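Colleague: Using the hints, position chain U with the ligands against chain W.
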Amino acid sequence: MSAKELILADLDGDRTWRLQEYIKRGGYEALKKVVSGQMSADDIIAEVKKSALRGRGGAGFPTGLKWSFMPRSFPGDKYLACNSDEGEPGTFKDRDILRYNPHTVIEGMTIAAYAMGCVRGYNYIHGEIFATYQRFEEALAEAREAGLLGQNILGSEFSFDLFAHHGYGAYICGEETALLESIEGKKGQPRFKPPFPASYGLYGKPTTINNTETFASIPFIIRDGGETFLNYGKPNNGGTKIFSISGHVNRPGNYEIEMGTPFAELLEMAGGMRGGRKIKGVIPGGSSAPVLPGDVMMDCTMDYDSISKAGSMLGSGAVIVMDESTCMVKALERLSFFYFEESCGQCTPCREGTGWLYRVVHRIEHGQGRQDDLDLLNSVTTNIMGRTICALGDAASMPVQSFVKHFGDEFQYHIDNKKCLVPPEVQYEGSKIYVSPSC
Amino acid sequence: MEAERNMLSQESLSRIDRELEKYPGDQKKSATMSALRIAQEELGWLSNETIAFVADYLGLTDIEVFEVASFYNMYELAPVGRHKITVCTNLPCALSGGVHAAEYVKQKLGIDFNETTPDGKFTLKEGECMGACGDAPVLLVNNHHMCSWMTPEKIDQMLADLDK
Ligand SMILES: Cc1cc2nc3c(=O)[nH]c(=O)nc-3n(C[C@H](O)[C@H](O)[C@H](O)COP(=O)(O)O)c2cc1C
Ligand code: SF4
Ligand code: FES
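Chains as they are written, first to last, in the working numbering: chain W, 1 to 439; chain U, 1 to 164.
Don't read these hints as lab results, they were simulated from the structure. Hints are supplied without guarantee of correctness; some may be wrong.
Claimed, not checked - In silico DSS-like cross-links for lysine-lysine, where the CA-CA straight-line distance does not exceed 25 Å:
no.	chain 1	residue 1	chain 2	residue 2
1	U	Lys108	U	Lys154
2	U	Lys28	W	Lys187
3	W	Lys432	U	Lys84
4	U	Lys125	U	Lys84
5	W	Lys205	U	Lys29
6	W	Lys234	W	Lys205
7	U	Lys125	U	Lys108
8	U	Lys29	W	Lys187
9	U	Lys22	W	Lys187
10	W	Lys205	U	Lys28
11	W	Lys432	U	Lys106
12	U	Lys28	W	Lys186
13	W	Lys234	W	Lys309
14	W	Lys186	U	Lys29
15	U	Lys125	W	Lys432
16	W	Lys187	U	Lys125
17	U	Lys22	W	Lys186
18	U	Lys108	W	Lys432
19	U	Lys154	W	Lys432
20	U	Lys121	U	Lys84
21	W	Lys49	W	Lys309
22	U	Lys22	W	Lys205
23	W	Lys278	W	Lys309
24	U	Lys84	W	Lys187
25	U	Lys121	U	Lys154
26	U	Lys154	W	Lys193
Claimed, not checked - Just a few of them, taken from the derived set where beta-carbon distance is under 7 Å, the chain W residues facing chain U:
no.	residue
27	Gly90
28	His126
29	Gly169
30	Gly247
31	Gly253
32	Ala331
Said to hold, decoys possible - Reference listing, derived: stretches of chain W covered by chain U, where coverage requires no fewer than 3 residues with Cβ under 8 Å from a Cβ of chain U:
no.	stretch
33	178 to 186
34	336 to 342
35	422 to 435
Being a predicted model, the structure only gives us computed values, none of them experimental. Note that the Cβ used here is the ideal one computed from N, Cα and C, for glycine as well.
Bound conformation, chain W alone:
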């Protein structure tokens, strides 16, 4: 087994999230090392680059490189934002990080702020996880009280303030510029890029945005070295990664493993396939990632390179497993509804296109598909992709293209026979209420 937990190790949920427990685990040692002057801002960025840490929010952009884009000698305030808006269907790791190990995020952000000269940061927390937001607020209060946040951190010259901002139900606010608009108290509508947030971000000031898990990886990298972190993974894919597994497995949940672990091993950790049924398809990186046939997935290892070679994306590390009882048309119908519902509406191709995609998949599922509908679906996606302000347009299109590509026969069967290939009673059995025995 390649379970190696750097972020979620030894945590019980009730007590171990507290500051004193975190300190016992070696917490805030990295911050001490930094503010005591043992490491300069350049050293920190160099160490993060060495670790090959890539953003855990979905795009996988190298974190050290992103940090080096922040202007050094900008005269005014600079900001930092943590993206805990986790709303991508299938993703539920950031909530566990925040409720089990919130201080690792606070420490990671504070080190990042030191490296980039940020005076203030916000953690944007998904609306639906109010209890987690409250806990994070409590953790912030603990850190402030202990002199780990605020003016002259640990007696040094360095000051940094950090606050939590609570979202209220809009998937699009996970897009980094929509998130900034939302912190500014506006509708969460993505901005045109350029300018990029590193030059024009929150309140028009240089800003860096990273995912919760990205920040949570920083204390380890600074304390134990970038190379140690890198060696847990493989070249270009440093470290451990938390995978959220949902769907037709016996033990859905979060599993932190070394990058490059075979998917088959991860599946085994999650208790294998439910009811012994056969694996049909897997969405390996959150609902926006292309679906892969089960057998293709069984040959993949869990890292950016392997999944991308197989034709999908590691994305946020949300692995949605579907067995043979799944109707792939119905599965896509639900996802397409989601993107239609969550489009912010400011670009015509996305606003209109997501509606088209949903309506066409809906009619195929409901026995009213037309012979040219599969071509229509493909043509709508090509008219959306690359023509929108943000990546939600692409996120809505990739599932459609991949479902049609890999499970086209099933779509065609619906169109020809006006019913599902998978009998209703089989579907019912597969999607009935399931509560894992470990809960």
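Modeller: Same frame as chain W, but now just chain U with the ligands:
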């Protein structure tokens, strides 16, 4: 003016004040989302008058605040029942019974999504991913209380507790 001053309790107003402290002094607008949340917690939903009050309190125009209230899904712009139940039916949850759990609640309450029981106690909504798919079926009570691994028995219990 008197009515406006009384629209939110002193407690809610001090909570809003604490939220304002999180943002730079010239960025009061940033507290719009939390001010609306706090107002909705107290009043149950956001009427035009409440929105105008929040706008006034933060020194913003009504339309600026209305835009926010209408953009985010968890704000209610029309009255809802005493308890709002939102069930996640997105794909990952659906694979582990999210849709069936929603069906069960519908049947128990005798209402469909976006309806309120005649006694005004419950409103049912269909939700999108709550970032808790490993705990499916998942539902939210009144936006802030998440219930995980919901079986029919647990749903019965929950509804009975809320009905008290
Ligand atoms: C529609 C959409 C939704 C997104 N949702 C999230 C999210 O919930 N969490 C997240 O960290 N990144 C999300 N992202 C990616 C962010 O825009 C951004 O790339 C990321 O937060 C950067 O952090 P990282 O480099 O540490 O991954 C989303 C992007 C898009 C286009
Ligand atoms: S692509 Fe869609 S979600 Fe993104 S900005 Fe355009 S309309 Fe909004
Ligand atoms: S799909 Fe229901 S919580 Fe994610």
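Colleague: A separate judgement is required for each hint: does it hold in the structure or not?
Modeller: Here's how the hints hold up against the structure:
At most 25 Å may separate the alpha-carbon atoms for a hinted pair to count; Lys108(U) and Lys154(U) meet this at roughly 13 Å. Taking the CA atoms of Lys28(U) and Lys187(W), the gap is near 15 Å; set against the 25 Å cutoff, the hint holds. Distance check on the hinted pair: Lys432(W) and Lys84(U) sit about 24 Å apart at the alpha-carbon level, within 25 Å; holds. A hinted pair counts as satisfied when its Cα atoms are at most 25 Å apart, and Lys125(U) with Lys84(U) qualifies at roughly 7 Å.
For the hint linking Lys205(W) to Lys29(U), the alpha-carbon distance of about 16 Å falls within 25 Å, and the restraint holds. For the proposed pair Lys234(W) and Lys205(W), the alpha carbon gap of about 36 Å is over 25 Å, so the pair is violated. The straight-line distance between the Cα atoms of Lys125(U) and Lys108(U) is roughly 14 Å, inside the 25 Å bound, and the hint therefore holds. Between Lys29(U) and Lys187(W), the direct Cα distance comes to roughly 12 Å. Compliance with the 25 Å bound is thereby established for this hinted pair.
The hinted pair formed by Lys22(U) and Lys187(W) meets the criterion: a straight-line CA distance of about 19 Å does not exceed 25 Å. Under the criterion of a C-alpha separation no larger than 25 Å, the hint pairing Lys205(W) with Lys28(U) is consistent with the structure, at around 17 Å. About 16 Å separates the Cα atoms of Lys432(W) and Lys106(U), which keeps this hinted pair within 25 Å; it holds. Taking the CA atoms of Lys28(U) and Lys186(W), the gap is near 12 Å; set against the 25 Å cutoff, the hint holds.
Between the alpha carbons of Lys234(W) and Lys309(W) the distance comes to roughly 15 Å, so the proposed pair stays at or under 25 Å and holds. This hinted pair checks out: Lys186(W) and Lys29(U) have alpha carbons roughly 8 Å apart, not beyond 25 Å. Between Lys125(U) and Lys432(W), the direct Cα distance comes to roughly 20 Å. Compliance with the 25 Å bound is thereby established for this hinted pair. Note on Lys187(W) and Lys125(U): the hinted pairing holds, with a Cα-Cα distance of about 22 Å set against a maximum of 25 Å.
Between the alpha carbons of Lys22(U) and Lys186(W) the distance comes to roughly 16 Å, so the proposed pair stays at or under 25 Å and holds. A C-alpha spacing of about 17 Å is found between Lys108(U) and Lys432(W), which places the hinted pair at or below 25 Å, so the restraint holds. Of the supplied pair hints, the one linking Lys154(U) and Lys432(W) holds, its CA atoms being roughly 15 Å apart against a limit of 25 Å. Taken as a hint, the Lys121(U) and Lys84(U) pair is honoured in the structure, with Cα atoms around 8 Å apart against an allowance of 25 Å.
Proximity of Lys49(W) to Lys309(W) is assessed by CA-CA distance (about 23 Å); at most 25 Å being required, the pair is judged to hold. At roughly 17 Å between alpha-carbon atoms, Lys22(U) and Lys205(W) fall within 25 Å of each other, so this suggested pair holds. Using a Cα cut-off of 25 Å, the hinted pair Lys278(W) and Lys309(W) holds, with the two alpha carbons roughly 24 Å apart. A hinted pair counts as satisfied when its Cα atoms are at most 25 Å apart, and Lys84(U) with Lys187(W) qualifies at roughly 24 Å.
A C-alpha spacing of about 19 Å is found between Lys121(U) and Lys154(U), which places the hinted pair at or below 25 Å, so the restraint holds. Between the alpha carbons of Lys154(U) and Lys193(W) the distance comes to roughly 47 Å, so the proposed pair goes past 25 Å and is violated. Annotation: Gly90(W) was flagged as interfacial toward chain U, and the flag holds, the nearest CB pair being 5 Å apart, inside 7 Å. Taking 7 Å as the C-beta contact cut-off toward chain U, the hint placing His126(W) at the interface holds, the least distance being around 5 Å.
Using the Cβ-Cβ criterion of 7 Å, the hint placing Gly169(W) at the interface with chain U is satisfied: the shortest such distance is roughly 3 Å. The restraint placing Gly247(W) at the interface with chain U holds, with a minimum CB-CB distance near 4 Å, inside the 7 Å limit. At its closest, the beta carbon of Gly253(W) sits 5 Å from a beta carbon of chain U; the interface hint therefore holds under the 7 Å criterion. Proximity of Ala331(W) to chain U holds as hinted, the smallest CB-CB distance being about 6 Å (cut-off 7 Å).
With a threshold of 8 Å between beta carbons, the proposed coverage of the stretch 178 to 186 of chain W by chain U holds, since 5 of its residues qualify and at least three are required. Remark: the stretch 336 to 342 of chain W is confirmed as covered by chain U, as 3 of its residues place a Cβ nearer than 8 Å to a Cβ of that chain, reaching the required three. Coverage of a stretch by a chain is defined here by at least three residues with a beta carbon nearer than 8 Å to that chain's beta carbons; for the stretch 422 to 435 of chain W and chain U the count is 6, and the condition holds.
In summary, the numbered hints that this structure violates are 6, 26.
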